[in-house]
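Novice: Protein sequence lines, in the order shown, are assigned to chains A and B.
If you're matching positions, the first sequence starts at 202 in the working numbering and goes up one per residue.
If you're matching positions, the second sequence starts at 202 in the working numbering and goes up one per residue.
If you are wondering where the hints come from, they were derived from the structure by calculation, not from laboratory data.
Here a beta-carbon is modelled for each residue, glycine too, at the ideal position from N, C-alpha and C.
Certain hints may be false.
What the hints assert, rightly or not - Label-pair ranges, simulated between beta-carbon atoms: (1) A/Asp281 / B/Lys468: 51 to 59 Å; (2) A/Ala273 / B/Ile458: 58 to 66 Å; (3) A/Asp252 / B/Pro469: 50 to 58 Å; (4) B/Gly214 / A/Ala273: 53 to 61 Å; (5) A/Glu401 / B/Arg277: 39 to 47 Å; (6) A/Thr516 / B/Glu385: 35 to 43 Å.
Protein chains: 2
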Amino acid sequence: MKIAVDVMGTDYGPKEIVKGAVDAVKAYGCEVVLVGDENIIKEQLILNKADKDSKISICNASQVIAMDEHPAIAVRRKKDASIVVASNLLRQKKCDALVSSGSTGAAVTSALFCVGRLPGVDKPCIATTIPSMKGATILLDSGAVVDAKPEHMTINAIMGNCYAEKLFNKSQPRVGLLNIGEEETKGNAQVLAAYPLLKELKQINFIGNVEGNDIPKGDVDVVVCDAFTGNVALKFGEGLANAIFTLMKESIMQGGILAKIGALLMKPALEKMKKHMDVQEYGGALLLGIKAPFMICHGNSKAKSITSAIRMTITLVEQNVVGAISDKIAEVQQGNEEIEG
Amino acid sequence: MKIAVDVMGTDYGPKEIVKGAVDAVKAYGCEVVLVGDENIIKEQLILNKADKDSKISICNASQVIAMDEHPAIAVRRKKDASIVVASNLLRQKKCDALVSSGSTGAAVTSALFCVGRLPGVDKPCIATTIPSMKGATILLDSGAVVDAKPEHMTINAIMGNCYAEKLFNKSQPRVGLLNIGEEETKGNAQVLAAYPLLKELKQINFIGNVEGNDIPKGDVDVVVCDAFTGNVALKFGEGLANAIFTLMKESIMQGGILAKIGALLMKPALEKMKKHMDVQEYGGALLLGIKAPFMICHGNSKAKSITSAIRMTITLVEQNVVGAISDKIAEVQQGNEEIEG
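Excised from the complex, chain A in its bound form (with noise of 0.2 Å):
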């Protein structure tokens, strides 16, 4: 299996992306293709004492597109934009997946243009991976499409039902409509339109209504919102983590001796409970809707969320969940087209 790597246009540079790379091979085996800056990928293949490895192969592209450029601008005028590059590597079939920490922008619009939707999708998704008190809940959309119709919302709600199936490992997993209260009544336009479509559907195990609250729990497998109120809600909830962690910090270091001490007997403890709690153990986002697995990692990602993206990759190839998706989707368009007919 072959995974391209995009390397440019990220918040702590190429190093990072190679690192993460690099370790991704040593643990699971897989090739990887680095695509941007070849002088720069090779210096840091040496770096990393991988410039050898034969699974590791390098892409030339001598554009990047940065993270304040408008996405469709800048993929139809930077024809060799690492992204672009790579979502042709893609399209062509040279690898089996793509992994991105650029522009979620510029990823999502090369994915359009370069790779394509499935039939059946008018909207791509971002589906992404929230850890729980149960494990893991998946979000979608996460920042695709704002303004996201009813219909849309649930072309999501069927793939997020297989994607969850394949990366829980899970049967009838539960699909809830994220909203402001558990009654049908609640909720603006979008959700009351969106409700009785998702309770129609017969392919998916429909819960009804879920909460903000009920997401950290895990009593709900994917949750189906909108891109704003997603995108929202997981920026709100990752800067309050970060924000709790970084005050535990604080009153340690002004605690004195006995809370230094006491942080040092409970860092295992702790470091569980914040691994557990590790958006990075996840690493990436999938964009669902589209042709082949497309892998979309945060701006600020470090070497080991990368090779945990990469690692979620491989599996999601295994598995085949975008051909989970497209039997899906055919299926319940056979089924609207013979009541419609």
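Here the structure of chain A is known, so what remains is to put chain B in place on it, guided by the hints.
Specialist: The following block gives chain B in isolation, referenced to the frame of chain A:
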């Protein structure tokens, strides 16, 4: 100063509410009128050794609105529900403010029907105070009106600005629009329409878009959003913080004797951090746009939250927040009329 406290319809029952009110009277010297079932309240006052306290009075209400009742129907039908009776005391100026921790929907409806809106306010909004790294941030609307129009969001920004000036004793608080990116061109149709309106407002210090993770950082004082997004994000954050603290406790319990000794030594530092991030320190959310101070607490409020909410309410009455909001809205409207004229 006299504050009406709705004692009924909460998750933990009248016990916690009465105790919180008694503690507030002792701590802050205010008067309270407890609204609800007279017999239950008397019993609780005896248990709290406060049945002879001249600063505490009872106003009997024979009905209760439950959490799952339809707010508008229940408020209209149950004329003697505690929240309706308390709201009428506020309208008749028999008290200076109201604190409720029953059904939020019933409280908002009762406030609208019995107390009424300020001139120029079409829809009220709930302003929740969230702890941050640098103190606290006001998030509004956090649950009153879903599908708010951009014009409502500008009125909310003005009201939130006045509230922050008084609550944080800060001139020119920073007001941000909750979005999925910093750029003016980012977001869904609602925020794209609200942005230029907020930018034009001379009465506020608008700092542009803020993202979910900016809230816990504390670089913004007032965050404007629609009630759907605000409510989902708040509940997600609440659930996440709970999950972190629960997992921490579990890790310590499973971590053997050293982890337990460590936790004991770290306890003061951990308590300090928890106190900093504790929403109960604020206790209540102010319902803005109503003619008198109307404080809404979480349905699961314990005595401590009620005491905090009463302390906060006393400050808001002393500072005449409602008067300040009313004046500012009149000023904005006059400005608009002059431009139109």
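Novice: Has the hinted range 58 to 66 Å been met by the Cβ atoms of alanine 273 of chain A and isoleucine 458 of chain B?
Specialist: holds, 59 Å
Novice: Take a look at whether the Cβ-Cβ distance between aspartate 252 of chain A and proline 469 of chain B falls inside 50 to 58 Å.
Specialist: holds, 52 Å
Novice: With respect to the beta-carbon atoms only, verify the hint that glycine 214 of chain B and alanine 273 of chain A lie 53 to 61 Å apart.
Specialist: holds, 56 Å
Novice: Go ahead and decide if the range 39 to 47 Å is satisfied by the Cβ distance of glutamate 401 of chain A to arginine 277 of chain B.
Specialist: violated, 33 Å
Novice: Between aspartate 281 of chain A and lysine 468 of chain B, is the Cβ distance one that fits in 51 to 59 Å?
Specialist: Roughly 58 Å apart at Cβ, these two residues keep to the hinted range, so it holds.
Novice: Using the C-beta atoms of threonine 516 of chain A and glutamate 385 of chain B, is the stated range 35 to 43 Å upheld?
Specialist: holds, 40 Å
In summary, the structure is inconsistent with hint 5 from the numbered list given earlier, while agreeing with all the others.
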